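There are 2 protein chains.
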Amino acid sequence: MGGGLHGKVLDVLGREIAAGVHPPGSVLRTDEMEQRFGISRSVAREVVRSLASIRLVVGRQRVGIVVRPREDWNAFDPQLIRWLLAADRTAQLKTLAELRTAVEPIAAAAAALRAADEDAARLVALSERMVATARAGDLDTFMAADVEFHRLVLRASGNEMFAQLHEVVEELLRWRTGHGLMPEHPRPVAVRLHCEIAECIRSGDRARAEEAMRELVAEALEGTLAGLTSTPAPRAAAGITATPGDRSFN
Amino acid sequence: MGGGLHGKVLDVLGREIAAGVHPPGSVLRTDEMEQRFGISRSVAREVVRSLASIRLVVGRQRVGIVVRPREDWNAFDPQLIRWLLAADRTAQLKTLAELRTAVEPIAAAAAALRAADEDAARLVALSERMVATARAGDLDTFMAADVEFHRLVLRASGNEMFAQLHEVVEELLRWRTGHGLMPEHPRPVAVRLHCEIAECIRSGDRARAEEAMRELVAEALEGTLAGLTSTPAPRAAAGITATPGDRSFN
DNA sequence: CCTAAGCAATAAGTATGACTTTATTGCCAT
DNA sequence: ATGGCAATAAAGTCATACTTATTGCTTAGG
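Chains A and B, in that order, give the protein sequences. 5 is the number of the first residue of the first sequence in my numbering; add one for each residue after it. 5 is the number of the first residue of the second sequence in my numbering; add one for each residue after it.
Treat the hints as calculated values from the structure; they're not laboratory data. These numbers come from a predicted model, not from an experiment. The reader is advised that the hints may include incorrect statements.
No distinction is drawn between identical chains; accordingly, a pair holds when it is met within one copy or between any pair of copies.
Distance condition first, Cα-Cα at most 25 Å in a straight line; then the derived DMTMM-like pairs of lysine to aspartate or glutamate [to be verified]:
#, residue 1, residue 2
1, Lys-12, Glu-203
2, Lys-12, Asp-121
3, Lys-98, Glu-188
4, Lys-12, Asp-123
5, Lys-98, Asp-123
6, Lys-12, Glu-175
7, Lys-98, Glu-215
8, Lys-98, Asp-209
9, Lys-98, Glu-38
10, Lys-12, Glu-200
11, Lys-12, Glu-122
12, Lys-98, Glu-36
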């Protein structure tokens, strides 16, 4: 994970800002940070640089480090996404689920045009594996295949911005299984759609790949929103939060 | 470019990395940076922090600042987007146009559900202004309204990640006008689609708003791709041009 | 002869103090 | 009231000394 001292302090401050402890417009002063965390100016300044890079703050001479309005924040930064998830999981998951709904169908269409044969074959293999594990009720293995499936579609789209969103999709999928939202045997229609998507990408059927993915994510979005409203007090969190050892390095 | 020294050096190094001058895997050492730019250790380290925050590099003790593989870069960072545009405008615009195609229809659908009356009214007003300026052939004013229109749709979607992409859309729109890619009088169908989208968002017709936006961005994507392949060397667009692939404006 | 333990060299990471720049604030004169 | 002119406060920059972790070599042990 990142630099020892720097990373720890950054994480604390990032969480606090994301959680609204320091609301937009409020100011932090570097010498306060030094005192509070017992760090030197070098470290404090570098933490500020990192926060500034995510557009959470801006340093102004004679006034201090001011927290920027929320709409300025770089909402796509993976670190910030984690902080926001920790602060208000419900709202952030909703945002992420909607983003996924937008991107994956187009990514599937692009993959149908541009995917290498090797990747297409792997997608078909993964979809078959999902059929098997769904039947067996092996949810963990199913999810692993599911995560890998979507990661591969996004990568095969040939669009580096789409590819980057695999973390977002992964977070959503993990959250669903971690919350018992998935039925013990994943819905057959979902499994079938994965197979259809893989086959369409393999055969280059752009339109059907897009449409099948649209169906899939529409259903997933529905399920996610239902889960979010029905669990106002999300409990326990089976290791999603990533506090201990910074997951997601890539 | 905010910070004085820091910002300048960061910009140079960011451009270079984005352009492939320092390919992934290569290492930069901070003392080299100090010499090259005539800066102090503090500044050099903070520049590294900024680059690390965008995931362009990672500092490792005893080895140096190593450039990370391209797929690790945070492709959504506005700064990096600018650097990539400067390095390879064609490829980056293609990526951005595709992203836009994915997001805007869903954003329009969301806006139809969630937009405040005030914003919806403003969208209708903007679409009417586009009708007028299109008829008059006032392309600059037309584009300004167009930019504002899409910015507002993204904002009204209520999804902060969508809202953040207004810069991307703006970049695409500006590029098209700056290239004489659009006809003197924007195509009526595009103008009409803007009106339809505004009206659907106002009336809460989610499905039609999404579909109309899908038509709009599909046409825009076509036009952008055509412009990218047909104009390898951007120059001052003599005459009305309208290359064969000329598409409407958005 | 090859593996494993230890050592030294190196470059990032941290700490500290002095100095510079810049924007705000408030006073003063117009 | 308006305009400009200091005083000032906090970020920004610089220079240097010290710490820590990694790598690669060297040597001890099997």
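Handout entry: List of violated hint numbers, smallest to largest
Key = 1, 2, 4, 9, 10, 11, 12
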